[in-house]
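J.: Going down the list, the protein sequences come from chains A and B.
Using the UniProt record's numbering, the first residue of the first sequence is number 1, and each one after it goes up by one.
Using the UniProt record's numbering, the first residue of the second sequence is number 1, and each one after it goes up by one.
Among the hints, a few may not be true.
You can't tell identical chains apart in this list, so a pair holds if it fits in one copy or across any two.
The calculated DSSO-like cross-link candidates involving lysine-lysine, where the alpha carbons are at most 27 Å apart (straight line), are [as the list claims (entries may be wrong)]:
| no. | residue 1 | residue 2 |
| --- | --- | --- |
| 1 | K106 | K68 |
| 2 | K230 | K106 |
| 3 | K201 | K39 |
| 4 | K21 | K106 |
| 5 | K230 | K147 |
| 6 | K259 | K65 |
| 7 | K87 | K147 |
| 8 | K147 | K259 |
| 9 | K21 | K133 |
| 10 | K66 | K87 |
| 11 | K87 | K133 |
| 12 | K87 | K143 |
Treat the hints as calculated values from the structure; they're not laboratory data.
Number of protein chains: 2
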Amino acid sequence: MANEAAIGFMDSGVGGLTVVKEAMRQLPNERIIYLGDTKRCPYGPRPNEQVLEFTWQMTSFLLNKKIKMLVIACNTATAVALEEIKKSLDIPVVGVIMPGSRAALKATRNNRIGVIGTEVTINSKAYATVIQKKSPHTKVIQKACPKFVPIVESHKASSSIAKMIVAEALNGLKKQQLDTLILGCTHYPLLKPIIQHVMGKKVTLIDSGAETISEVSMLLDYFDIAASAKKEAVREHEFYMTGSQNLFNNITKEWLNLKEINSRKINLKK
Amino acid sequence: MANEAAIGFMDSGVGGLTVVKEAMRQLPNERIIYLGDTKRCPYGPRPNEQVLEFTWQMTSFLLNKKIKMLVIACNTATAVALEEIKKSLDIPVVGVIMPGSRAALKATRNNRIGVIGTEVTINSKAYATVIQKKSPHTKVIQKACPKFVPIVESHKASSSIAKMIVAEALNGLKKQQLDTLILGCTHYPLLKPIIQHVMGKKVTLIDSGAETISEVSMLLDYFDIAASAKKEAVREHEFYMTGSQNLFNNITKEWLNLKEINSRKINLKK
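Chain A on its own, in the form it takes in the complex (with noise of 0.2 Å):
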């Protein structure tokens, strides 16, 4: 049975649109409503209590606008509180971390995965639980790289500040004999060219929030709630942000290639 209404997406700022733009090219008949928490990003440095509870802030928000399904388009969110969230809602929740560590397993040809992240993410070790209880003889390599968020979120990703400090980050990974890369950050995709640039061609790259719409889709299959196919491509997307309208307004525009956008910025905080 169709179900018309639309899909939540949150993240800690601008990173989980690279989900939402993959969502919006294998999911044409599906409404998005997105919310990126920007004025608190970057969530990476906080403690777990407060990305739980600013998690839990957004997941109130987008309840709220009957949302059928809700993704944690953010890897930092997943790691601290898809667990709790899953368990509590009625709506199928999905989180980046196991579709991300099923791709690199899938991709791995010499059980040497890396994992990028922030340092939640990494502190976590959610990748390297997930990938090793799976097949417990792959290595697993994790760094965080908290500077890649801010290089992102300040729209400055193609900068060549951007390339020295991705290059500065990734130089121990790179004598590490990798063969797969977990971009464990729904903001790193804005920097894969830069990213693959200094892996190196041989090193497939994980977009982990592209492979979660795969999740998505199947999901909706497997629940009976997707949207019925549109005539037309009505797009009725709504995005919220809880800091600056225009930067967000113009990486939103830029990165989903859309003239305009619906948009409103919102105060999550009681």
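Model the placement of chain B on the given structure of chain A, informed by the hints.
T.: What follows is chain B alone, placed relative to chain A:
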């Protein structure tokens, strides 16, 4: 939490083994219990009520084995019984039609998709309905190939008579400018080289069974019921059939590349 119970697979005959083969490759930690109703195969020409009745009998047998998930590895049974069985059981139930349809939509470039299957599957229009619900402008051309299953069940998939029968059956489809063809019967991957030869290299063949295992893999994670990794690959797979045990064992060992299998002939009728 790891769940060491087996995944149950069922089919009207040996065709579902093509799905099992993919499960053994993608999910090496999972234990498999397979039931092929070889005595009453093919299901394709039978009335829907009978297919439903037989499918319920197979389901009951597998439920008694305490399976954690059920895969209806048979297009005919999926078309007729998936919805009812899924609603009735409290374990996840997966069919082969939805995953095959999704994969075909992802593969096609010219939006002309062919489907071959048994008479029941083709008459049910199950693939066409799913595909056109998602993408109304996609053309779906169907063709029932009732002679294919008996060829496979009699272990003659690489004979010269098989080549003649396949070429004759697909003759009309070749003129339809398809770029994607769904093997809408789990027996057909055993005829894949011949089908590919007849259709030509430019046509992408979609193996619904293989696609189904990607869905099984996701659902094992989503419901947190994947088996834990084994240090040594423990093979405790069980195979049951209702017809000739010798014929079943031969084709199973050959197709799954196993030296020995743990199999037993059973009686499904009450």
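J.: A separate judgement is required for each hint: does it hold in the structure or not?
T.: Results for each hint:
no.	hint	verdict
1	K106 with K68	between (30 Å within a copy, 24 Å between copies)
2	K230 with K106	between (34 Å within a copy, 18 Å between copies)
3	K201 with K39	neither (36 Å within a copy, 53 Å between copies)
4	K21 with K106	both (23 Å within a copy, 16 Å between copies)
5	K230 with K147	neither (41 Å within a copy, 39 Å between copies)
6	K259 with K65	within (24 Å within a copy, 57 Å between copies)
7	K87 with K147	neither (33 Å within a copy, 49 Å between copies)
8	K147 with K259	neither (30 Å within a copy, 54 Å between copies)
9	K21 with K133	between (30 Å within a copy, 22 Å between copies)
10	K66 with K87	both (18 Å within a copy, 25 Å between copies)
11	K87 with K133	within (21 Å within a copy, 31 Å between copies)
12	K87 with K143	neither (30 Å within a copy, 45 Å between copies)
Hint compliance for this structure: hints 3, 5, 7, 8 and 12 are not met, and every other hint is.
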